[in-house]
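Respectively, the protein sequence lines represent chains A and B.
Under full-length UniProt numbering, the first sequence has 165 at position 165, and the numbering climbs by one with no breaks.
Under full-length UniProt numbering, the second sequence has 215 at position 215, and the numbering climbs by one with no breaks.
The reader is advised that the hints may include incorrect statements.
[Said to hold, decoys possible] In silico BS3-like pairs for lysine-lysine, Cα to Cα no more than 30 Å straight-line: (1) B/459 x A/288; (2) A/204 x A/228; (3) B/457 x A/288; (4) B/419 x B/457; (5) B/545 x A/288; (6) B/529 x B/545; (7) A/270 x A/137; (8) A/241 x A/170; (9) A/137 x A/241.
These are calculated hints, taken from the structure and not from any lab test.
Keep in mind that this is a model prediction, so the values were computed, not measured.
For reference, the chains in residue letters:
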Amino acid sequence: MRLEIERGELLKALSHVTSVVERRTTIPILSNVMLKATGDVLMFKATDLEREVSESVSAKVATPGTLTVPAHVLHDIVRKLPDGAEIEMKRDGDKERLTITSGHSRFSLQMLSADDFPDLAVGEIGHEFTIEAGDLKRLIDKTRFAISTEETRYYLNGIYLHPAETNGTKTLRAVATDGHRLAQVELPLPKGAEGMPGVIVPRKTVHELARLLEDTSAKVKVGVSQTKVRFEIGPVVLTSKLIDGTFPDYGRVIPHNNDKEMKVPNASFKSAVDRVSTIASERGRAVKLNVGKDKLILTVNNPEGGSATEEIAVGYSSGPLEIGFNARYLLDIADQLESEDARFLLADPGSPTMVRDGGDGSALYVLMPMRV
Amino acid sequence: MAIRQLSPETVNRIAAGEVVERPASVVKELVENAIDAGATQIEIVISGGGLSLIRVTDDGSGMTPDDLVLAVERHATSKLDEEDLFDIRCLGFRGEALPSIGSIARLEIRSRPADANQGAAVTVTRGSKAPVGPAAVNRGTVVEVRDLFSATPARLKFLKSERAEAMAVTDVVRRLAMAHPDIGFTLQTGEKKPAVFARGDRSSAAWLERIGAIMGREFMDDALEVSGAGSGASAPMRVFGFAGLPTLHRQDSTQQFLFVNGRPVKDKLLIGAVRAAYGDLIPRGRSPLLALFLDVAPSDVDVNVHPAKAEVRFRDAGRVRALMVRALSDALATAGHRASAQGGVLTVESFAAGILPSAAMSPPPSSDAAYQWAPPRPAPALSGTGFAEGAQTPFAVFDAPSADARTFAEPAAGETVDKPLGAVRAQVHENYIVAQTRDGLVIVDQHAAHERLVYEKLKAALADGGVARQGLLIPAIVELDDDDAVTLVARSDELTELGLVIESFGEGAVAVREVPALLGETDVEGLVKDLAAELRSDGTARALKDRLDSVASRMACHGSVRSGRRLTVEEMNALLRQMEATPYSGQCNHGRPTYVALKLTDIERLFGRR
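If we strip away everything but chain A, and leave its shape as in the complex, we get (with noise of 0.2 Å):
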């Protein structure tokens, strides 16, 4: 193998595929990324056995090949080499190594062979639909906050991917609880996905996928077999195992007869809730939501760290009430909130509560209150 490449394009796809290579591994091919080129393209490939990403590039290909370097190693040379340097890549006769060439810097890298390289074989795809990268990110970014990452429920250590309905509206909806909150957001069906089966797209994939789509506009085309996810992202392509189980029927704990509505100015809200937990240092804490008339008062009582009250001016007019939440959890949501105002659906203190995006009905999530 012997190529000639530009350091951006190299950079760009080298940091787009290394990061789901794990740093630390008993299997010493998955330090690796994979490197193959044909024509005049070079195609990158990296996977932890869950999940893989590939990506195609452009170069000037000299001599066809396939190999494996360190995929870590690979990545920091890259980056430590000048802006719009030329790189040269050769495979040193028969040895067992890659020659990196650029300028006056040479490195020699360690190889595997590419035979022993594990593929991640997608099967048979049953449905394929396109979406924008925008709707995309905002169906995970808005629910990943509340993915379980206790490994014993591991069905919900991902995000429910699943097509429903809404007041007669077909829509893909993306749901996540960690049993103590739970996101919902949904948005119009794509075209093809209709029919296809609800999937539980894994924590990691979910970062990785929020990171590839950071610095795209692209359409996102989206493939569900019956154990796989594949998104393809321009020359990324993201493939995933699902996870293995079924998701809880959420439906049950998405409350419908919370009738005190509680109207909230958003940013101070928002910025309220995380002055006051300053004094809730740690896990655990709670902060008390004291609803009147018009008025919203925040407390956190810590007995060794001293308290802290904040009132805001809200709309409200059923009668009062208090109840207690999480504070990091009451946090979560808040960042999650883009209108004006949120809607806070609330029942007792010792029900679920409903918070929804002002005006925004696709976006809903529900809140479990702590007691002392």
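Once you have looked at the hints, place chain B on chain A.
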């Protein structure tokens, strides 16, 4: 095969299989008989691990010839009032031991009551009784068992070595001796010099003396007196004894001696109570040393559940447990900052081993991981041969250990030397506080000590403020055994206090509605199953508290003064004063001591002044 009535001999041999498992069981039965006979001196002689000879001589009430005839009959006893099988005040009562032993060995009993002029003897050889005849014997009873198990060769095959059997006998005698400081014991196993436990009285000093003789000096020095009383199911009960400081612990529980009404037991409930009381004071997997005596009304305890009576059953197990835990915790809490003196002893030993602290001095061999002496830092290598070392020499001065840490000016008058942990004199190696007390010096590990203080404060705050509970959107359903589910739900009030709200969910399942907020997102199912398993095994629900404490402990570790930080005198003195005021500050969260005390006498000994 037709059904037949078994012959009395066979019945006795079968019973012997239950009662007489090994020579130690024979010794136990015979010594208990002696105790029940009101003896003040008991002599035990065994040889061949108890197989060739066991002889127990007492100066108790003795038996008349008529008694002797009956004594070797099955189900004959003087110890049980048939009117009330539940009012058992003696150690034995079944009337099984002597005939059982007689059926599998050669048994000879010689006895003379105090008021008789002549003694009598009876022998039983593998079940066949010889008539009672006259015998010369002192007041009391001598029981001799020879050729044990000669009638049951199968049992013989399963015995351990003579040595192991002799050790088991020693163990049995020790346990009994421990419970009866008012009886003198002499135990001779084999050729060795006999072990003598001198007769004392039932005062606590004598008791501690007896226990110390058995468990060792070290335990005596570090023992706390435990005493508590409560009301049992029908009558008052009381617990008394000695518990080792938490810094004194062992790999296994062989140094835990528990007695119910003077009877040595290995009871799950009591062991569980001990474990609960010591809780986070000792490292996981280690056992404290203690000897506790529980006295309950005979009607409140059923000792008749185990042939060897190693287990008992209480009418109100909850109260017994509560009493044990309370009495132990009280004793441990009053000990406060006291740490085991063992550290000091080890320190002195390691000093003695070092003579001159050469750079090569290695830590003294210490099997006890509880205290490890860090070797002094080697002096910087000034005599290096390589270029690099040579070049480094000028810098070595920066590298010098900080052992010559700042010393402080003469302390102000009338200050804290009289306090238990004394007045701070210096901080060395940026981690150890050296303080002077009235009769010695104290070295404190600042990180370990402060960590414990923060931890105790966090725990107190937890206990005060109640545990905040996070509701679950979807109740977690945990499937369990029927019994486990019922037990768990029965304890739900207690669990709610700790932040776990559960309710019954049909047969063999519980629904968890709220969990302690402090645990964050946690493995609810694992937690509930652990709790169920613990409730089943020793009736405690520690798993939950353990988890909360471990979060507190982690927070404490982050929130405490690190090693390597310079502290001012005021800070250090404040730390010592807080340690004195905080319960359990004698050991860190991992069970290591937070300080060691070195007595002036020890220091003087180091310099040969004593």
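To see whether the hints hold, each was checked on the structure:
1. B/459 x A/288: holds, 23 Å
2. A/204 x A/228: Status holds; Cα separation ~14 Å.
3. B/457 x A/288: holds, 24 Å
4. B/419 x B/457: Judged against 30 Å, a Cα distance of about 22 Å means the pair holds.
5. B/545 x A/288: holds, 25 Å
6. B/529 x B/545: holds, 14 Å
7. A/270 x A/137: Distance of about 22 Å is within 30 Å: holds.
8. A/241 x A/170: Answer holds: residue 241 of chain A to residue 170 of chain A is near 26 Å, not above 30 Å.
9. A/137 x A/241: holds, 19 Å
Of the hints listed earlier, there is not a single one the structure fails to meet.
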